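Chemist: Letter by letter, the chains look like this.
Protein chains: 2
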Amino acid sequence: MVTKVRAVQYGCGPIGCSVAKFASQRDDIEIVGAIDIDKNVVGHDLGEVAGLDKKLGVNISDQAEAVLSETKPDIIFLTTSSSLRAVYEQLEKCLRASVNVVSTCEELAYPYRKETLSAEIDKIAKANNVTVLGTGVNPGFLMDTWPLFMTGVCQQVKQVKVVRIQDASPRRGPFQKKIGAGCTLEEFKERVEAGTLRHVGLSESIAMIASGLGWELDDIRESIEPVVAKSPVKTDFVVVEPGQAAGVKQVGKGLRQGEELIILEFEASVGTLESYDAVYITGIPDIEVVIKGGTHGDIATAAMVVNSVHRVMEAPPGLITMKDLPVVSALGAKRERGAPCPTDRGLALLNRDG
Amino acid sequence: MVTKVRAVQYGCGPIGCSVAKFASQRDDIEIVGAIDIDKNVVGHDLGEVAGLDKKLGVNISDQAEAVLSETKPDIIFLTTSSSLRAVYEQLEKCLRASVNVVSTCEELAYPYRKETLSAEIDKIAKANNVTVLGTGVNPGFLMDTWPLFMTGVCQQVKQVKVVRIQDASPRRGPFQKKIGAGCTLEEFKERVEAGTLRHVGLSESIAMIASGLGWELDDIRESIEPVVAKSPVKTDFVVVEPGQAAGVKQVGKGLRQGEELIILEFEASVGTLESYDAVYITGIPDIEVVIKGGTHGDIATAAMVVNSVHRVMEAPPGLITMKDLPVVSALGAKRERGAPCPTDRGLALLNRDG
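Protein chains in written order, with this note's numbering: chain A, 327 to 680; chain B, 327 to 680.
The hints are simulated quantities; they were obtained by calculation from the structure and are not laboratory data.
Incorrect hints may have been included.
If several chains are the same, the list does not tell them apart, and a pair holds so long as it fits within one copy or across any two.
Straight-line alpha carbon distances no greater than 27 angstroms define the calculated BS3-like cross-link-like pairs of lysine-lysine that follow [said to hold, decoys possible]:
#1 Lys484 - Lys618
#2 Lys365 - Lys449
#3 Lys515 - Lys449
#4 Lys649 - Lys618
#5 Lys487 - Lys381
#6 Lys381 - Lys449
#7 Lys484 - Lys330
#8 Lys380 - Lys398
#9 Lys398 - Lys487
#10 Lys330 - Lys560
#11 Lys649 - Lys452
#12 Lys618 - Lys515
#13 Lys575 - Lys452
#14 Lys618 - Lys575
#15 Lys452 - Lys618
#16 Lys380 - Lys449
#17 Lys556 - Lys575
#18 Lys487 - Lys649
#19 Lys380 - Lys484
#20 Lys560 - Lys618
#21 Lys452 - Lys503
Quantities reported herein were computed from a predicted structural model and do not represent experimental measurements.
Only chain A is shown next, with the shape it has when bound in the complex (with noise of 0.2 angstroms):
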């Protein structure tokens, strides 16, 4: 019998959800806590709260220290905040408990920005033997570690530039409505304003694509615009009028003295016609890859999480990003049940010395 990777999750909201949903479908890890501060989901099983048909026999409980030192878990799941500033108290306490963490904080996936946040956990980590990775599909990994994986098949490289267009209509009602579908123009532009309406990410991904092609940028630059719809577009959630706001485009670009090395755009919104990923590199040679179809969101992000568990327990401690990670992929249905981790010694017996 092979030892179960124990994992905690820390915030229950809905990606949290799909990643306990995912891990606990995973017969190599066992969720063994959970945290939340959601009174409504407090002292509920894990298992309901995330919408699976069976309870996991773990209750949500509002005290992350207690939890994390009851259980001492190998790692935790932390989904609570797409800030930095936000998750990093919650983030020192994981650390100082010297458990690994795996988040899908998006300021996290590259966070050298913030040099002496970054630092010090980095800091911590190591001090306590532990490792950190932000991760997730975007950032984490479309518009960043993907592109810059595929550079590897090129000599040179002259800019490098990512597209994510995602029809929304599919996804989650509160998705469809962060994104601004059937919002005015009005507030749509009040909600940018606010600073409620903004994918969080961009400079991150185009951070990691300068420093992993060693390029030193002088900016970095987001813009956020409506996609306007020209014809009614009606979801299960929401009801857009043509002129009204069917979602948003986001983009962000890399600049050195004034050329875009880096341009990233990002668009989600209801009644697009066609959602596909693609990276086009302009160098030697030019490359251009597609995603036909896209990628799911909220799947591809949990799948990312989970399937970096054994890649950040076997990293060296301290803070990492998934540039800097062996290729994190996923495990085979039909595996033998308990069947060791991926072993290169499993095909030995084929073909011995040929």
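Fit chain B to the supplied structure of chain A, relying on the hints for placement.
Modeler: Using the frame of chain A, we list chain B on its own:
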């Protein structure tokens, strides 16, 4: 001034020349030696042999040990053969001289099925505190590392299929001949039986994918067939009549209890209309990702080898494979000349603590 990586080119055939050419253009690498046994190139300058417009001041020598002891390189580009047995003695010499190795030897890309040899290589590398990597575009990237990398966004994987379709018309003459273009079907069959018409690497790629996903396969099979020309094809190097071979289609399958878990299809022929590389993952979710126009084999192989240099030098000692290496990316154009290699602190000056 940053210290350059000192490299020796071992093997000065077409792939070796392609690697040396790219390496000589990098400002972070200095080629300090070259080895080959071909009387036609021994004594000549590597720059001239590689088709550079300048001499590199490096004469090709057939005395491998003398070159290694005189130049004391940091890394060797070993590009002499597809066969692990054939490169083994050369590889051993490099490792015993305490030099890291990146090799295009296809069987080294995932050599664990050759149990004794791979264990020996790992042991010698560790004893001499150096690292060995087999890489290239295929195997090394397109049909193994790339599909594994893409599974990271999946919660479950049931099947992985990779298709590489190459129009060989614009490629080198020797490549067109190697894939059988212009052969009668009888000649094609004879060359397959003689083992001279075979892409080496499909089994290695299948084994790497299986290991990454935790699948224990019970069989790996390969088949080779001609792509038969339907109409006449004429390139700069060959003429193909209808009914003759225009190229090769090779299929590799990884099976478990008769089920095809991994399918790799490699097709290279003259007169193909469209080149592309594609990964199809059946799972949760399904993923379809396509490199439009495909990936140029020679350029990309040289890129992968040279782009891996820093990752290999930073890796722990021993035998490693691409799936266990952090993301291998290119260096961007327009770096400061002599600028340090990619650093996570380069962007720290921007948005200092936000």
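Chemist: Please flag the earlier hints that this structure goes against, numbers listed from lowest up.
Modeler: 2, 3, 5, 6, 9, 10, 12, 13, 15, 16, 21
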